[in-house]
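These protein sequence lines map, in sequence, to chains Y and W. Heads up, the first sequence is in this note's numbering, so the first residue is 1 and it goes up one at a time. Heads up, the second sequence is in this note's numbering, so the first residue is 1 and it goes up one at a time.
For the record, the hints were derived by calculation from the structure and aren't laboratory data. Accuracy of the hints is not assured; some may be wrong.
DMTMM-like cross-link-like pairs, simulated, lysine to aspartate or glutamate; straight-line CA separation at most 25 Å [unchecked claim]:
1) Lys-105/Y to Asp-34/W
2) Lys-105/Y to Asp-87/W
3) Lys-23/W to Asp-74/Y
4) Lys-131/Y to Asp-51/W
5) Lys-105/Y to Glu-91/W
Covered stretches of chain W (chain Y as the covering partner; in silico rule of three or more C-beta atoms under 8 Å from a C-beta of chain Y) [stated by the list, open to error]:
6) 7-13
7) 55-62
All figures in this text were calculated on a predicted structure; none of them were measured in a lab. By construction, the Cβ of each residue, glycine as well, lies at the ideal position given by its N, Cα and C atoms.
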Amino acid sequence: MSALADAARGDALEPRTATITRADLVRYAGASGDLNPIHWNERVAADVGLPGVIAHGMFTMALAARYVADLAGDPTAVVAFSTRFTRPVVVPDDDTGATVEFGGKVTDVADDGTRTVSVTATHDGRGVLGKAVATVRLG
Amino acid sequence: MPLDASFVGRTWPAETYEVSLEKIREFATAVGADDPVHHDREAARAAGHPDVVAPTTFPVVFTWPATKRVVDDPALGLDFSRVVHRDQAVELHRPLHAGDVVTTVVAVDDVRELAGNDVVTFRCDVTDADGAAVLTTTATLVGRAGDDA
Numbered sequence: 001m002s003a004l005a006d007a008a009r010g011d012a013l014e015p016r017t018a019t020i021t022r023a024d025l026v027r028y029a030g031a032s033g034d035l036n037p038i039h040w041n042e043r044v045a046a047d048v049g050l051p052g053v054i055a056h057g058m059f060t061m062a063l064a065a066r067y068v069a070d071l072a073g074d075p076t077a078v079v080a081f082s083t084r085f086t087r088p089v090v091v092p093d094d095d096t097g098a099t100v101e102f103g104g105k106v107t108d109v110a111d112d113g114t115r116t117v118s119v120t121a122t123h124d125g126r127g128v129l130g131k132a133v134a135t136v137r138l139g
Numbered sequence: 001m002p003l004d005a006s007f008v009g010r011t012w013p014a015e016t017y018e019v020s021l022e023k024i025r026e027f028a029t030a031v032g033a034d035d036p037v038h039h040d041r042e043a044a045r046a047a048g049h050p051d052v053v054a055p056t057t058f059p060v061v062f063t064w065p066a067t068k069r070v071v072d073d074p075a076l077g078l079d080f081s082r083v084v085h086r087d088q089a090v091e092l093h094r095p096l097h098a099g100d101v102v103t104t105v106v107a108v109d110d111v112r113e114l115a116g117n118d119v120v121t122f123r124c125d126v127t128d129a130d131g132a133a134v135l136t137t138t139a140t141l142v143g144r145a146g147d148d149a
C-alpha cells in the first residue's frame, strides 16, 4: 500500500523539499518550450520589475504533481491538478538554488477510492501555490 | 486598452501534435519524474500502457503554443510583455502516451477586468485521432495594467 492509499480524509501527507537551480530552469525551458527570458535572464527579469530570475509556475506545478504521484506510488495516479500561482520562486544564480517545501492533506476519499489532495508549496516560508488540488485515482 | 469581449465563446482551429517517446523522456527528466513508465517502453507495457506515459503536466508542451497563438492576436488586446500566469488546471480523461496524435482546440472562456488588470481564461480541449476526449486544460492569464492605464 502506498502512503496515499493508506491515508484517510483529513490525514496530512509526509512533506518533501525540492531544490530548483538555474540549470533546472534552463532544462525545463527547453523541455516545455517555454522560453520566456524571465526564467533564465536576470536583465530581462529586472526590466519587468521582478526581484530576479523566477521559476516557471508550470515547473513548480510539475514538481507538486510529482510529489503527489510519488506518495500515490503510481506515476499515472494524478489525473487532475489545478492551482493558482500566488508568488514567484526566485532562483538565485548560485550552486544552491531555491528551496520549495511541498506538503499535502487528504480532503476527500470518494466511494471509488479517488482521493482529493490539497497541496501546499512554500518558498522562504511563504506559499507559492494557492488552492492547489490534486485528484488521485489509485489503480 | 480594454480587451475585446467578443473573444468569449470563440474557438480557434485545431492544431495537431504527435506525442513522442523522446519528448516524454525529455520532459520527464526535466521535472525529475524518473519512474520507468515515462522512460522505458517495455516498463510502460508491463504496467499496461501501449507506450511510455506522459507526466501529468506534459500537455503544456502543446497546449501553451496553441494558446499563445490566441494571446498574440492583436485584436484581443493583451500585452504579452505584461502578462502573468495566474491559474492553471489540467484534467486527464485518460493517460497520454507516446504515439498519441492529438488535436487541441483553444477557446476563450472568460474575459474581464479586475482592479484595472485584464484577466483572460483560456480552455484547451484535446482529443485523440479517434475524436475521443483525452484531456482538458484551463489557463488564466493576467495582463497587468500599464503606466497608461
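Status of the hints after comparison with the structure:
1. Lys-105/Y to Asp-34/W: holds, 24 Å
2. Lys-105/Y to Asp-87/W: Judged against 25 Å, a Cα distance of about 20 Å means the pair holds.
3. Lys-23/W to Asp-74/Y: holds, 21 Å
4. Lys-131/Y to Asp-51/W: violated, 33 Å
5. Lys-105/Y to Glu-91/W: holds, 20 Å
6. 7-13: Coverage by chain Y is violated here, the residue count being 0 at a Cβ distance below 8 Å.
7. 55-62: holds (count 5)
Taken one by one, the earlier hints fail for this structure at numbers 4 and 6, listed in ascending order.
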